[in-house]
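Colleague: Construct the complete structure from the given sequences, taking the supplied hints into account.
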Amino acid sequence: MFGIDALYLARGQFAFTVGFHIVFPAFSIGLAAYLAVLEGLWLKTGRQVYLDLWKYWVKIFSVGFAMGVVSGVVMSYEFGTNWSVFARKAGPVLGPMLAYEVLTAFFLEAGFLGVMLFGMERVGRGLHFLATCLVSIGTLISMSWILASNSWMQTPQGYTIDKVTGQFLPKDWWAIIFNPSFPYRLVHMGLAAFLCVAFVVGAVGAYHLLRDRRLGRKPTEAVRTMFSMAMWMAAIVAPVQILAGDTQGLNTLQYQPAKIAALEGDWQTRDHAPEILFGIPNMQKERTDYAIEVPWAGSLILTHSLSGKVPGLKQFKPQDRPYSPLIFFTFRIMVGLGMLMALLGVVSLFLRWRGSFYSNPWLHRFALAMAPSGFIALLCGWITTEVGRQPYTVYGLLRTTESVSPIALPGIATSFAAFVVVYFVVFGAGLVFILRMMAHEPVPGETGLDPHEPTRTAGITPGPAQGPGERVLDQRPGGFAPHAAE
Amino acid sequence: MMALSHGHLLTGQAYWLPVLWSGIAAFTILAYIVLDGFDLGIGLLFAVEYRPDDRNVMVNTVAPVWDGNETWLILGGASLYGVFPVAYATVLPALYPTIIAMVLALIFRGVAFEFRFRADSKRGRFWWDVAFFGGSLLAAFAQGLTLGGLIQGIKVTDDAYAGGWWDWLTPFSLLCGVGVVIGYALLGAAWLVWRTDGPLQARCRHHARTLGLCTLALIVAVSLWTPTLQGHYLRHWYAWPRILFVSPVPVLVAGLAVVFWRGLSREDVHITPLLCALGWFFLCFTGLGISVWPYIVPPGITIWDASSPPSSQYFLLVGAAVLIPTILAYTIYSYWVFRGKIGVETHYH
Numbered sequence: 079m080f081g082i083d084a085l086y087l088a089r090g091q092f093a094f095t096v097g098f099h100i101v102f103p104a105f106s107i108g109l110a111a112y113l114a115v116l117e118g119l120w121l122k123t124g125r126q127v128y129l130d131l132w133k134y135w136v137k138i139f140s141v142g143f144a145m146g147v148v149s150g151v152v153m154s155y156e157f158g159t160n161w162s163v164f165a166r167k168a169g170p171v172l173g174p175m176l177a178y179e180v181l182t183a184f185f186l187e188a189g190f191l192g193v194m195l196f197g198m199e200r201v202g203r204g205l206h207f208l209a210t211c212l213v214s215i216g217t218l219i220s221m222s223w224i225l226a227s228n229s230w231m232q233t234p235q236g237y238t239i240d241k242v243t244g245q246f247l248p249k250d251w252w253a254i255i256f257n258p259s260f261p262y263r264l265v266h267m268g269l270a271a272f273l274c275v276a277f278v279v280g281a282v283g284a285y286h287l288l289r290d291r292r293l294g295r296k297p298t299e300a301v302r303t304m305f306s307m308a309m310w311m312a313a314i315v316a317p318v319q320i321l322a323g324d325t326q327g328l329n330t331l332q333y334q335p336a337k338i339a340a341l342e343g344d345w346q347t348r349d350h351a352p353e354i355l356f357g358i359p360n361m362q363k364e365r366t367d368y369a370i371e372v373p374w375a376g377s378l379i380l381t382h383s384l385s386g387k388v389p390g391l392k393q394f395k396p397q398d399r400p401y402s403p404l405i406f407f408t409f410r411i412m413v414g415l416g417m418l419m420a421l422l423g424v425v426s427l428f429l430r431w432r433g434s435f436y437s438n439p440w441l442h443r444f445a446l447a448m449a450p451s452g453f454i455a456l457l458c459g460w461i462t463t464e465v466g467r468q469p470y471t472v473y474g475l476l477r478t479t480e481s482v483s484p485i486a487l488p489g490i491a492t493s494f495a496a497f498v499v500v501y502f503v504v505f506g507a508g509l510v511f512i513l514r515m516m517a518h519e520p521v522p523g524e525t526g527l528d529p530h531e532p533t534r535t536a537g538i539t540p541g542p543a544q545g546p547g548e549r550v551l552d553q554r555p556g557g558f559a560p561h562a563a564e
Numbered sequence: 297m298m299a300l301s302h303g304h305l306l307t308g309q310a311y312w313l314p315v316l317w318s319g320i321a322a323f324t325i326l327a328y329i330v331l332d333g334f335d336l337g338i339g340l341l342f343a344v345e346y347r348p349d350d351r352n353v354m355v356n357t358v359a360p361v362w363d364g365n366e367t368w369l370i371l372g373g374a375s376l377y378g379v380f381p382v383a384y385a386t387v388l389p390a391l392y393p394t395i396i397a398m399v400l401a402l403i404f405r406g407v408a409f410e411f412r413f414r415a416d417s418k419r420g421r422f423w424w425d426v427a428f429f430g431g432s433l434l435a436a437f438a439q440g441l442t443l444g445g446l447i448q449g450i451k452v453t454d455d456a457y458a459g460g461w462w463d464w465l466t467p468f469s470l471l472c473g474v475g476v477v478i479g480y481a482l483l484g485a486a487w488l489v490w491r492t493d494g495p496l497q498a499r500c501r502h503h504a505r506t507l508g509l510c511t512l513a514l515i516v517a518v519s520l521w522t523p524t525l526q527g528h529y530l531r532h533w534y535a536w537p538r539i540l541f542v543s544p545v546p547v548l549v550a551g552l553a554v555v556f557w558r559g560l561s562r563e564d565v566h567i568t569p570l571l572c573a574l575g576w577f578f579l580c581f582t583g584l585g586i587s588v589w590p591y592i593v594p595p596g597i598t599i600w601d602a603s604s605p606p607s608s609q610y611f612l613l614v615g616a617a618v619l620i621p622t623i624l625a626y627t628i629y630s631y632w633v634f635r636g637k638i639g640v641e642t643h644y645h
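Going down the list, the sequences are from chains B and D.
Residue 79 is where the first sequence starts when you use my numbering, and the numbers rise one by one after that.
Residue 297 is where the second sequence starts when you use my numbering, and the numbers rise one by one after that.
In case anyone wonders, no lab produced these hints; they're calculated from the structure.
A portion of the hints provided could be inaccurate.
If you want the footprint, here are the derived chain D segments under chain B, 3+ residues with CB under 8 Å [to be verified]:
1) 313-323
2) 397-409
3) 541-550
4) 618-631
This structure is a prediction, so every number in the text was calculated from the model and none was measured.
Cβ atoms here follow ideal geometry from the backbone N, Cα and C, with glycine treated the same way.
Modeller: Written out as structure tokens, the structure is:
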């Protein structure tokens with residue numbers, strides 16, 4: 079009834095909007111945790127540098143969070159607009175989890191966000207720290223619910239199917255939430271969010287170290303501190319993430335072997351399987367062209383044994399195979415970036431030991447180049463797991479072709495075009511604002527969001543667009559004038 | 297009590313849970329209208345308030361709370377998905393264009409909150425102000441169209457939308473769109489009467505008078521039109537003895553109108569006009585409930601037809617019973633922290 083084109087456009091639109099959206103929550107999750115750590119360190123040590131960094135990053139957080147909220151509104155309706163059959167059938171299972179996500183987490187974030195962003199002078203320090211922590215915990219709970227529902231679509235259990243309506247009916251909520259792939263996905267995604275932010279923070283620090291070096295001035299303590307904190311994250315968390323990814327791979331092999339076969343570009347099911355480093359999977363001819371293979375490595379990686387049996391795509395019917403040419407590459411990009419992240423961590427440890435951590439420009443250039451690596455790896459990983467779930471929305475049970483809304487091609491095409499235009503304008507502008515804020519060096523006595531910047535009253539030159547030098551001149555001792563409103 | 301759904305007789309939990317949930321869903325939508333209505337109204341008033349200082353004050357009155365307000369809309373969508381999946385899966389495809397227009401408009405207006413303070417030129421600021429106004433206008437209008445499109449009825453066969461691409465576009469839905477725009481502008485003006493002072497407050501009193509009149513006229517128009525849309529709407533209003541319970545609704549609207557105008561004309565009254573305007577919204581919403589009950593997707597799908605099984609509704613109910621009161625409590629706390637009149641010296645960005 080509805081052509082394949084409408085289905086592809088519906089998928090494309092959903093992938094586009096969720097792909098944009100996923101970046102902002104990841105940024106918020108990581109940055110909220112970083113802000114909580116900074117504020118905790120400030121309260122514990124009383125060192126000004128932590129407060130400066132908190133105020134520097136909270137401005138960036140507020141823009142990123144706003145973009146997460148508005149792109150999230152789209153998601154909560156798009157399941158119905160684009161995937162109405164899926165929504166009707168899987169709604170009884172997935173709907174309550176998404177509603178819990180909003181209830182427990184989003185509200186925790188949004189409710190305490192105002193206090194966190196604007197309330198530092200209005201509530202006590204302890205209460206303000208609590209608000210920051212609650213926002214951070216809120217982002218983590220939010221992620222848990224989303225990943226529980228996403229994991230259920232990958233490894234469904236704890237349901238029955240209604241014979242009349244075809245709906246999935248929840249039987250055991252514990253089994254639904256703690257489905258087999260959930261714990262692995264949660265750890266992998268959580269670490270990914272932390273790494274996204276660690277590499278952005280590290281790159282901003284590196285940028286200022288490089289610029290200060292070029293201008294022949296001494297980097298501020300804030301710059302050195304943020305760079306150092308980020309590199310500790312790279313050194314410790316990136317290797318942990320590689321282990322987490324490995325365990326998720328083993329879990330996927332157990333529950334979704336077709337996904338593993340597709341992302342590895344393997345066609346024959348065999349033991350002593352090679353690892354294909356590069357190649358171009360060919361879905362028509364059922365082989366991977368131009369393959370460069372490492373003998374036995376495939377079995378070793380996937381089964382931790384040289385003789386382990388690894389699935390091939392030919393084991394599955396052609397209509398049940400995920401599209402290998404895409405996820406073969408996204409998976410490799412993700413893994414490659416993960417290796418580079420760990421390498422940066424190791425290099426940073428070495429230079430720390432050698433004492434040239436703050437002075438070696440090659441380390442800083444490497445860190446600067448790695449700025450988007452977390453986000454690229456995150457998106458590639460997400461594409462790998464979601465496209466790898468195809469041709470199903472609920473794995474093995476509900477096909478994507480049977481999930482789509484009865485919306486005609488012109489409707490989807492129009493809205494897709496509108497989404498593309500709006501997202502590039504809005505999020506492009508957001509990115510420009512964020513980069514502009516990052517281009518300013520954090521200064522001692524950094525202004526946060528709420529101090530009463532006189533420039534704001536003029537309504538022409540906003541605070542964050544000023545140079546750091548000007549802002550130092552504006553700085554008042556203590557910084558907090560009594561409120562006109564009180 | 298019992299009801300029929302898909303030919304089954306429903307009793308006990310299967311009857312009461314959907315009733316309870318329709319109450320919670322109605323409350324969520326009402327909370328969204330009450331809380332985000334004045335946010336959007338402030339954007340609409342950018343059309344008549346040009347001075348940068350005034351615009352900053354207007355935005356600053358809602359800056360700390362707007363994203364919390366908007367999450368009620370997300371909660372509305374998510375709980376509809378979990379509790380009434382059939383409604384979610386039929387209403388959204390039917391009203392696809394208005395829903396998409398609304399979310400796109402909310403994106404523009406949401407980021408304009410953050411970006412207008414960060415624009416580095418007058419020109420940049422001007423365009424983000426246009427986005428703020430345009431986003432507010434389109435979001436409000438699309439919400440009205442969505443409401444109108446739902447009330448006038450949605451064509452459904454076998455639990456799936458069976459109508460056309462433009463079914464939602466009728467004179468009635470257009471009238472609802474205009475009604476929501478004017479009503480939100482009224483909420484915005486009344487909010488500013490409460491939260492600002494000086495010349496801006498005086499002008500907002502004036503705006504509120506005009507908008508109040510228009511809102512009342514539109515309430516009357518929509519109220520007279522609605523019962524003619526579906527046979528059972530009319531019966532719900534004029535059937536004896538139900539008329540005893542529903543007749544106070546128009547009477548209360550008129551009573552609030554008196555209090556509203558007296559409040560606006562007195563210099564020492566600040567919050568009363570806002571409360572009266574919110575009262576109108578509450579009464580309109582109640583009236584709407586009286587008309588459509590027990591249908592969630594008029595004319596054919598009742599709340600029981602649309603429901604997910606009791607296991608889903610009960611699971612979510614546990615959380616909602618604990619969390620919605622908690623959320624309300626700290627929403628009130630947030631408003632308390634950021635209380636008071638906002639002047640040009642107060643900045644939240």
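Colleague: For every hint, state whether the structure bears it out.
Modeller: Against the structure, the hints:
Remark: the stretch 313-323 of chain D is not confirmed as covered by chain B, as 0 of its residues place a Cβ nearer than 8 Å to a Cβ of that chain, below the required three. Three residues within the 8 Å Cβ limit are the bar, and the stretch 397-409 of chain D against chain B gives 8, so the coverage statement holds. Figure legend: the stretch 541-550 of chain D, annotated as covered by chain B; annotation inconsistent (0 residues with Cβ-Cβ distances under 8 Å, at least 3 required). Coverage of the stretch 618-631 of chain D by chain B holds. Counting CB-CB distances below 8 Å, 6 residues qualify, and the rule asks for three or more.
Comparing the model with each earlier hint shows violations of hints 1, 3; every other hint is respected.
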